[in-house]
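So the protein lines, in turn, are chains A and B.
Quick note on numbering: the numbering used here labels position 35 of the first sequence as 35, and the sequence is numbered without any gaps.
Quick note on numbering: the numbering used here labels position 127 of the second sequence as 260, and the sequence is numbered without any gaps.
Because the hints were derived from the structure by calculation, they are not lab data.
None of these values were measured; they are calculated from a predicted model.
Just so you know, nobody snuck in bad clues.
With a straight-line cut-off of 20 Å between C-alpha atoms, the simulated SDA-like cross-links for lysine to any residue are:
hint, chain 1, residue 1, chain 2, residue 2
1, B, Lys-162, A, Leu-96
2, B, Lys-162, A, Thr-97
3, A, Lys-38, B, Lys-249
4, B, Lys-162, B, Ile-173
5, B, Lys-162, A, Leu-94
6, A, Lys-38, B, Asp-246
7, B, Lys-274, B, Pro-203
8, B, Lys-162, A, Ile-100
9, B, Lys-274, B, Ala-262
10, A, Lys-38, A, Leu-50
11, B, Lys-249, B, Thr-328
12, B, Lys-249, A, His-35
13, B, Lys-162, A, Arg-93
14, A, Lys-38, B, Leu-256
Below are the chains, spelled out letter by letter.
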Amino acid sequence: MAEATANGLGQHGLGAGHAHEARTAAPHAEVHQEHPIKLYLVVWAWLFILSACSYMVDYFGLHGYLRWSLILIFMMLKAGLIVAFFMHMAWERLALTYAIILPPILVLVFVAMMVFEADYTLFTRLVFFGDGP
Amino acid sequence: MTHISQTTPRPAGWQGIAADWSSDQRAFKNVSWGKAMMWIFLLSDTFIFGCFLLSYMTARISTRVPWPNPSEVFALHIGGSNVPLILIAIMTFVLISSSGTMAMAVNFGYRRDRRKTAILMLLTAALGATFVGMQAFEWTKLITEGVRPWGNSWGAAQFGSSFFMITGFHGTHVTIGVIFLLIVARKVWRGDYDTGRRGFFTSRRGHYESVEIMGLYWHFVDLVWVFIFAFFYLW
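Chain B on its own, in the form it takes in the complex (with noise of 0.2 Å):
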C-alpha cells in the first residue's frame, strides 16, 4: 500500500488537508455521490432514532411506576367495543402503502413514464398527509386525555415524554418527505430531468436517479415507524 502515499505535492495547512481528502479516492466506485450521500445521512439518522428508541427504553425499565399500557392507551371506541392499537394499526398499513407506491414511482422513473411517476409520486405524498393527519389526531386524542411529557394518568411519567419525542420526530421527517414528494414529483411532471432544466437551488442538472433517492428517504421513514411499532406500541 506504500505507493498509494506517493501524492502530487500539496499545500500546507488546511489546503493541504482538504486536497488529501477530496483527492477523488471512492470507497463506492459505481454508486452515485448522490445515493452514497442520502445513504450515509440515513445512517446518521438511525443514529438520531436508534437513541431515541435507547432512551425510551433506560426510561422504561428504569421507572418503579407500571408502564401504561400502549394497548389500552390507543384504542379506539368502535361500535360499542375498544378496539386495541386500531388507528396505529391503520397509520402502519397507510406508511406500507405508500412505501410500495414509492417503490413503483423509482421503478416507472427508470423507465422513463414521467406520468406514471409524478402520479405514483403524488399517491405517495397523499399516503404520507393521511399518516401525519392521523397522528396529529392521536396526539390531540392523547392530549385531551391528560397526557403531558411530565406525566399522565395510567402510570411512569416518562411515557408522556417518550411518545411526544419520539412520534414527534418521526412525524416530522414524514412531513419533510412529503414536501420533498411534491417538489420532485413537480421536477417528473414537468420533464425537468429529461430535458436537463438545471434545479433552483444547486443549479445542477437532475437525474431520474433523484427519485430513487427520494425514495430511499421515504422508505427509511417507513423502516424508522416498523421499528417505533415494534418497541413502543407492541412491546
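Next comes chain A alone, as it looks inside the complex (with noise of 0.2 Å):
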C-alpha cells in the first residue's frame, strides 16, 4: 500500500517537476522471463500426459460422477499450468495476478444461477409438453 501510494503522489502531477517524478524505470519497462527450457519441456510433457488421461476417461466409457470429477481435476490440472508457466503468471505482479484470475471465478455465480435457471426451463417444458421429444 505504501508503495502504492508513493507513485500515486509521484505520478500525478502533471509537470509539476517533483525530482522523484521522472519514471525511475526506462521507457519501455521490460520483465525479463527467462526460465530454462527444461521447465517448459516438462510442462509440455505433464500437459500431454493430463491429456491422454482425460481421453482414456471417454475411452474406457466411464461414467457418472466419477468421469465428471475426473474430467474436472484433469481440465483445471491443465489450464493451470498453461496460466502458471506457459503464460508466466507464477512470476508476474501479484496485482496484475489477482486482476486477471478473480474476475472469471466469478462466473461461477453465473453458472449457479443458470443452472436453477435451466432446471426450472426443463420442469416447465416437463409439465407443459410431457417427457416425449
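Got two chains here, each in a separate frame; can you build the complex from them with the hints?
Written out as C-alpha cells, the structure is:
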C-alpha cells in the first residue's frame, strides 16, 4: 500500500517537476521472463499426460460422478499449468495476477444462476409438453 | 488517502474526466502496458467464451430431448472399428504442442536468438494451421452427416447451434492467431526488435516483449480449447 501511495503521489502531477516524478524505469519497462527450456519441456510433457488421461476417461467409457470429477480435475490441472508456466502468471506481479484470475471465478455465480434457470425451464417443459420428444 | 485527491487543476467537462482517468496512476507498476492490455483483453475474451459455454450448459440442461453422445458423434472409422473422439484428441495434442513451441519461442526471443525464435514461431503457426484444417474436416464431416444449427438426426436440436458457435468462434481465434504469428515471426526474422524499426501500423518501435504478448494470446487459445474439450466433447 505504501508503495502504491508513493507512486500515486509521484506520478499524478502534470509536469510539476518533483524530483521523484521522473519514471525511474526505462521508457519501456520490460520484465524479462527467462527460464530454462527444460521447464517448458516438463510442462509440455505433463500437458500431454493429462490430455491422454482425459481422453482415456472417454475411451474407457467411465460415467457418472467419476467421469465428471475426473474431467474437471484434468481440466483444471491443464489450465493451471498453461496459465502459471506458459503464460508466466507464476512470476507476474500479484496485482496483475489477482486482477486477471479473480474475475473469471465470479462466472461461477452466473453458472449457479443458469443451473437454477435451466432446471426451471426443463420443469416447465416437462409440465406443459410431457417428457416425450 | 485524502492526499491523492489533491491534483493539479483539471479542465472542465470531458477533458477533465479524461485527464483524471489517464493521470499516470499505474496499478500494475513494472508490468508494461502492452502486456497488461493483452491480459485485460484476454479477460474480456474469457467472459465471451464463458458465456458461450454457459449458454451451451443451459441448453443442454433444459432440453427434454436426449443430448447426442459426443463420443459417438465425433468417432472416426479407422481400421474396421470406431475409435471414439480420436480426431478431437489429435487436435488437442496438436494445439498443446503449438503452445509448447510458442513458450520456447518466447524464451529464445528474450535470449535475442532471432533464428530459433522465428523458426519456433513458424512451427507454432504451422501447428495452428493444422488444427484449423482438422477443424474444417470435422465441420465438413458433420455437415455431410446432416448436422445443422437447427437440428440433427441424433437428438437435441441445440447440439448443432452450440457446436458451430463454440468451435467456430474458437477456430476464428486460432486463425487470427496464426496470421499474427506470421506477422510477428517476420518482424523477428528481419530483426525489427534489434534495429528498432517502427511498425507499419502503430509507427512505434517493437520489443522482444511483443513475442511474449503474442504468446499470451496463443496460450489463451490453447486454454480455451482445454475448457471446450472438457465441457463440449468429454462431458
